[in-house]
Structures are given as structure tokens and as C-alpha cells.
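Residue numbering for the sequence shown follows this note's numbering, beginning at 293 and increasing consecutively.
Derived from the structure by calculation, the hints contain no laboratory data.
All C-beta atoms in this analysis are idealised placements derived from N, C-alpha and C, irrespective of residue type, glycine included.
Possibly wrong hints are sitting among the right ones.
Ranges of calculated distance between the beta carbons of each label pair, as one might list FRET restraints [unchecked claim]:
| id | residue 1 | residue 2 | range |
| --- | --- | --- | --- |
| 1 | Glu549 | Leu654 | 47 to 57 Å |
| 2 | Asp676 | Ala606 | 26 to 36 Å |
| 3 | Pro642 | Leu529 | 32 to 42 Å |
| 4 | Arg500 | Ala672 | 17 to 27 Å |
| 5 | Val683 | Tyr453 | 44 to 54 Å |
| 6 | Ser677 | Asp542 | 35 to 45 Å |
| 7 | Glu549 | His493 | 47 to 57 Å |
| 8 | Trp452 | Arg500 | 24 to 34 Å |
| 9 | Asp494 | Arg521 | 34 to 44 Å |
| 10 | Leu450 | His514 | 42 to 52 Å |
| 11 | Arg521 | Pro642 | 27 to 37 Å |
| 12 | Ser543 | Arg501 | 42 to 52 Å |
| 13 | Val552 | Arg501 | 35 to 45 Å |
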Amino acid sequence: MTPSLQARSGRRLFWKILLSFLFTFVVMTQAVWLLFQLRTDREPPAPLMIHQIGPAVLEAGAQAIQAGGAARYVAMLDNLPEDQRKRLELVAPGQVVALPGTGDVENAVMERKVRDPAGTEYQLRFRYHRDMRKWRLDIPPELAIMGVVAGLAFSALLAWYLMRPINHLRDGFARLARGELKARVSPAIGSRRDEVADLGHDFDAMARRLEQLVESRDRLLHDVSHELRSPLARLHLAIALARQSPGRFDSSMDRMEHEVDRLDGLVSELLLLARAENEPAGSDEYFDLVGVVAEVVADTRYEAQPQNVRIDFAAVGIDEDQAPPVRGNGELLRRAIDNVMRNALRFSPPDSRIEVRAELLLRPHRYRVTVSDVGPGVPADMVDSIFEPFVRTRPDTPRPDYRSLGLGLAIASRAVAACHGRIGAANLPAGGLRVEIEIPAQLTPDAGRAAGTD
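Input sequences plus hints: build the corresponding full structure.
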């Protein structure tokens, strides 16, 4: 949308809001006036004026005629207000001597017969020309003008107040569409506390998430290219050595095989990471989480024998026969827990211990799985970033292999999120790292039957 089209669209919405509120204000003013008139027990303005002013005007006219005839009466008219002068008539036999405002004059309401000094009889009338049936709807002009001006000012202010954050939102979307991922609207909206302000905060959250995704994508591409470049360079070196020194062919082949295995592991981990990120949240597979954890613990115990690392596992508050299932991708979550266990084993010193604990929590029902080791832990400023791809806190670990690519915990984080769970890590006071996983438990009867058939 071009800027001119956006401006026209914004102006159209402004005028719609302005005219809508102005119309509503005018209608409400008329309704309040009508209600006020209907609830008051008083005479209409015209009869009230006639009853109060009419007799006095008729008396003044009669005295003028009695004193000086029609000429004195006409002179007296010049001293009357214009509204009273239009209502007063002097009728002589066969003619009207003074009859101003005859175009819209209705029935006479007061009249009086009077004679002049010459004995001529006149009929003096005091008329009105207002429609008595409409008086309740007639707002005084001053009040009507004041209402329209006040309504216009109020409507314009309200339309501006509503349109201002919408304009900021429109500008924010335009900036975001142009690729400005740092576009934010909350500072421009200010301290408002309404639905429009909430929409602005949601926009900022969306923009931050987009910025994080783009930065994560760029960082992932950079890290993948870096991780691929190193084994490929070593492959080229091994090939060159094999060609230059045929006697070292076997060692060169072993090196090439090792680098190929590393590349294969990297590709497999990247595919698993992509699968975890694209896994639909809450798939229709139900499985026993405690059983999955027990299987992973058994496998890790076997791998921990050369290091003499003991792995203790405890299931707290869980009845194996009545344990509620978990909904998600069981195989993917198994890989997630396996990655956490391997990470703990990799950084655990020989003759140490890893504690694994699974418990069922209430309100809401959820499983909590914790894996604690006594390794070196992680730097405090990297605790939140270890679940990002290719983040390695200690690249010089004494037992490197193709799995230490910084992808294990990233895969675990994505797999847990696919099950509507959460994962976090914290350094232990006595040393080591504790990784905590929480996953909702399914308590519906259908889920229980489904888990029993798996």
C-alpha cells in the first residue's frame, strides 16, 4: 500500500469516527431535550407568553386608540418589540389598519373591542404564529448551536484519540514490511491502558519474535557453514596426504572416515533439529513418559561404565499402573531426554554421579524430569543460551565426538516445546548443572485408553 493510499485510508476512518460520534451526540442531545420537556408539567412557550404579555399589550393598544385613534395606535407600535408588534392587529370595519406578519398568522388567541374618540369601533387582536404541536421538539437556537459545536469538538478529539495509536500501528506494519525488524510501536503509543495498547504490545512481541527468528536463521546458516568447512578442509587435507604419501594411505583413509562420520552426524542432527522445530504441537501420540526416561537411563548407564559414573533414577509420587500418559512425539522426546543425559555424562568427571528424578505434580497435572550432574556447569551469562543451536560452553571438552556440536540441547528444547512443555537449566550451588523439563500430563479418559493401546 502506497503512503498516499494509507493516508487516504486513515482519513476515511477518521471521518467515519468523527461523523458517527457527532450524529450520536446530536441525537442524544435532542432525546435529552425531548425527555426533559415531556417530564416537565409546564405550558408551551407560546401560550405562556400570550397569557403573560398579551393582556398588557392589548391594554396599551386600547388606551392608544381611545386617546388618539388609529394614528396614536400606529405611533404606539413603534415602541413595542418587533415580536409583539407582529402579533398585534387592529381591524376596522371592512379593512385592516395595521396587520404586520400576516403571512404565517394563525388563529387569534386574544381580542378586544375598543372605540376611538370619534366613536369608530375597532377590534384589537393579539395573535400567535407558532405551531403548538411541535414546540416540544424545538430546541432554542443558542442551545442547538452550542450542542453542535461541543459535539463536533468532542467527536474530533475522540476520533483523534482513537486514530493516533492506529496510525502508529499502521506505520509499524509498514516498517516491518520494509524489513525493519526493530520496528516497535509501544514507545509511540505511550502509557495507554486499553485494547489498542494491548494490540501494540502484541505487535512488539511479534516483531521481536520475527527478529529473533531471522537472527537465529542467519546464525544457524553461519554456524552450519562453519561446522561444514572444518571437516571438509580436513577431508581435502587427508586426500592430499594420501596422494603425496602412499605409505600413509591407511591413516589418511581412517581420517577421512572419521570426518565423513562427523559430517554424517552433523547432517543427522540438523535434520532432527528441523524435525523438532516443525513438529506440530501436541500430536496425537500418547506414551508413558516415565518408561521413556527409564529406558534412556538404562542406555546411559551402559555408556557410563568406562568412566565409572553412577546414574541414580527415582520416580516420585508416580504409580506405574495409573500414571497418566503424555501427548506428543514419543521418539522425538526420547531423543531430547537422551541428549540431556549425554550432555550430563559428557561433562561429568570420572567416579561421579548423575541424579535423574521424575515426579508427577498437581495443579496443573504435569511431569517434572530433572537431570543433575556434578560437572563444571556453565557460565552464568550462558545459562539461557545453551538451548540455542551450535552454542558450546566448553569447546575444549576432553571427550569430543561428533555429537558435541552444540545441537543436543537445542533439539531437546524444540522437542519439549512440541509437547507444550518447557525446559530450563540452572547451575547448582555445589557445582554442576541441573536441567529441568516439565511436560503436561493427559488426564482425559480418551487419552488413558489411547496410551493403553500404544
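Results of checking the hints against the structure:
no.	hint	verdict
1	Glu549 - Leu654: 47 to 57 Å	52 Å, holds
2	Asp676 - Ala606: 26 to 36 Å	28 Å, holds
3	Pro642 - Leu529: 32 to 42 Å	33 Å, holds
4	Arg500 - Ala672: 17 to 27 Å	23 Å, holds
5	Val683 - Tyr453: 44 to 54 Å	46 Å, holds
6	Ser677 - Asp542: 35 to 45 Å	42 Å, holds
7	Glu549 - His493: 47 to 57 Å	54 Å, holds
8	Trp452 - Arg500: 24 to 34 Å	29 Å, holds
9	Asp494 - Arg521: 34 to 44 Å	40 Å, holds
10	Leu450 - His514: 42 to 52 Å	51 Å, holds
11	Arg521 - Pro642: 27 to 37 Å	34 Å, holds
12	Ser543 - Arg501: 42 to 52 Å	49 Å, holds
13	Val552 - Arg501: 35 to 45 Å	38 Å, holds
When the structure is compared with the earlier hints, no violation turns up for any of them.
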